[in-house]
Amino acid sequence: MKSLEELKALRDQAIKKVDIRKEKNGTRIVVGMATCGIAAGARVIMSALMDEVAKRELQDVTITQTGCIGVCRLEPLIEVYRAGEEKVTYVELTEEKARRIVAEHIVNGNIVKEYTIGSVE
Amino acid sequence: MDFYRAHVLVCGGTGCVSSGSLTIEEMFNKALEEKGLEKEVKVVRTGCFGLCEAGPICIVYPEGSFYSHVKQDDVNRIVEEHLLKGRIVKDLLYIDKAAPVTEIETSINNVGFYKKQKRVALKNCGVINPEIIDEYIAFDGYQALGKALITMSPEDVINEIKKSGLRGRGGGGFPTGLKWEFTRASEGDIKYVACNADEGDPGAFMDRSVLEGDPHSIIEAMALAAYAVGAQKGYVYIRAEYPIAVKRLGIAIAQAKEMGLLGDQIFGTDFSFDMEIRLGAGAFVCGEETALIASIEGERGMPRPKPPFPAQKGIFGKPTVINNVETYAVVPQIILNGSEWFTSFGTERSPGTKVFALGGKINNTGLVEIPMGTTLKEVIFDIGGGIPNGRKFKAVQTGGPSGGCLTEEHLDTPIDFDTLTALGSMMGSGGMIVVDDTNCMVDFARFFLDFTVEESCGKCVPCREGTKRMLEILERITSGNGTMEDLDQLEELAYSIKDSSLCGLGQTAPNPVLSTLKYFRDEYIAHVVDKKCPAGQCQDLLSIVITEDCIGCTACKRVCPVDAISGEVKQLHTIDQAICIKCGACIPKCPKKAIIKQ
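Quick mapping for you: the protein sequence lines, in order, are chains P and B. For what it's worth, my numbering labels the leading residue of the first sequence as 1, then goes sequentially. For what it's worth, my numbering labels the leading residue of the second sequence as 122, then goes sequentially.
If you are wondering where the hints come from, they were derived from the structure by calculation, not from laboratory data. Not one of these hints is a red herring.
Listed next, the in silico SDA-like pairs over lysine to any residue satisfying Cα-Cα at most 20 Å (straight line):
#, chain 1, residue 1, chain 2, residue 2
1, P, 2, B, 264
2, P, 2, B, 261
3, B, 718, B, 684
4, B, 284, B, 457
5, B, 268, P, 15
6, P, 55, B, 128
Values in this document were obtained by computation on a predicted structure and should not be read as measured data.
Please model the entire structure based on the sequences and the hints provided.
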């Protein structure tokens with residue numbers, strides 16, 4: 001260890017691996033992973049979301065799952081919670097749609113209107 | 122970088138390991154692999170979470186779900202339900218015995234046991250994987266060392282510690298900053314820092330938990346101390362009975378060396394520091410600093426008179442600063458956050474927090490860290506969850522075999538170094554053993570004295586001979602052969618041993634006897650005069666009898682191992698006191714609760 005900067009750089013890298021254990025108020029992406037969700041392909045969506053978050057090195061984003069929310073016919077679906085915003089529910093997702101949501105909504109803060117439950121219904 | 126959506130933290134502290142947490146960890150890994158989740162969910166082995174009673178413990182993040190008493194059969198359910206389908210397995214969550222059962226807390230942060238705590242020394246315990254240096258660094262590890270080496274002079278470091286008011290957590294409560302200052306002021310090219318990890322009080326395990334859960338904090342703190350006093354080498358004296366702590370500290374030292382956090386020219390400065398582990402054989406007296414020094418040097422572990430103090434003549438005759446594990450554990454945070462941050466907790470003369478090991482008759486056996494000044498009541502009832510089985514609180518022993526007991530009238534006492542000493546007890550290293558109304562206080566004192574007699578090194582007469590004589594008197598009393606003169610002699614011996622023993626072991630050994638004599642004299646008198654043990658614990662003073670409620674079912678007769686019970690079916694049974702060995706096996710067998718101890 002040669003300098004404080006070196007240590008700080010190391011910390012900033014390391015922090016990403018333990019971030020999940022700290023209290024956070026950031027973005028929460030919840031994937032519907034009940035039987036209906038899994039059958040409709042939620043696992044692919046989950047993997048795509050995790051891959052995007054990792055690739056973009058996004059901090060303060062958690063991905064969790066939830067059970068059935070009742071609209072099984074619209075699975076796979078995810079819900080996005082951001083501080084100060086209303087919950088956004090995206091439905092009938094594909095891997096590409098999921099990746100686009102990360103890019104536009106999570107990173108840039110623009111809701112992808114055409115995938116939301118309101119516009120699909 | 123690998124991104125995991127969930128972390129399963131499995132406690133790898135000694136408590137949970139002995140209740141099988143390593144098997145649980147293995148099963149988690151296997152179950153995750155079977156479900157194809159091994160790339161999404163990471164299993165992390167951490168140090169102690171503190172609530173040892175509830176082990177094995179697992180915490181699932183990001184939810185912070187707190188699963189307690191996890192059994193092998195539960196692992197598949199947690200993986201299948203929680204980690205695959207996202208449904209927290211509520212019936213496996215920890216249930217707070219102290220809180221009204223309205224709703225089960227799903228997050229560890231809301232559990233009553235943790236709510237009143239302030240974790241400073243235990244900050245990383247149960248949060249990081251102690252065998253991975255990156256995790257320590259992620260939680261600001263080694264930042265304090267970097268800050269000190271680059272922006273502070275050794276005097277600045279000492280001043281910051283002095284201003285923080287930090288007092289030694291090993292028992293004595295001596296101001297740490299002063300100790301460092303004396304060592305710095307001592308003349309000599311070679312100086313040493315030492316860490317006293319020879320934790321030996323029955324029931325105390327805070328040092329072990331810090332070393333197991335956060336070993337890097339000790340390395341960082343010892344490097345800071347070395348920088349402050351001008352030392353180049355450190356020794357950690359740790360008992361060999363702590364294999365997990367020894368192993369993890371060894372791993373941590375190797376990692377720190379590899380990263381250049383130990384060794385030459387740390388952070389590009391001309392400060393060099395290296396350290397090694399010295400294993401102790403588990404002698405209680407080696408926690409005394411001069412005995413510890415002798416043992417590190419390879420001599421027999423016996424204390425010597427002070428002065429000279431270790432700050433003047435320590436390891437190999439060189440100036441040495443010796444601090445306890447828990448003291449070191451808070452040092453990096455004081456340097457990083459400043460002394461004012463530290464003094465914002467605790468009381469004026471005892472700033473900061475203190476870790477206590479709760480044991481005995483208490484619901485939440487485990488490790489708690491509280492701001493100094495918290496009352497005994499809050500610790501025992503709010504955090505500790507009170508006394509099990511609806512029994513009544515009788516006393517709490519603080520400071521282990523060196524301390525004394527406190528009673529119900531002291532429950533509202535704020536805990537700090539000075540209040541405990543004023544009440545005839547002491548902080549000690551922080552063991553807290555709770556006793557209820559089924560414990561005999563004379564026997565309790567006898568237990569601790571038995572320990573010190575065993576552990577006395579034998580160098581000075583008062584401790585070697587005096588404690589032995591005291592033990593003999595106590596044994597006389599608990600077997601029903603004591604006299605009132607014995608009580609006076611016990612006291613007289615106690616004061617002479619306190620005044621004339623060479624080291625802390627002997628000077629404090631009579632404390633449990635003196636404080637029980639002070640607060641529970643009536644129990645001693647009951648043993649001596651009435652030949653009765655009010656708590657029903659002293660076997661020799663107790664007889665087991667069958668009352669008129671006996672229905673003659675013969676259940677007791679069948680279970681008696683020595684055939685001391687006689688009586689025909691449907692007739693009143695009797696116990697032959699000459700034969701009875703007072704094992705008590707018959708008591709739970711009686712359907713009418715007609716067998717009692719008296």
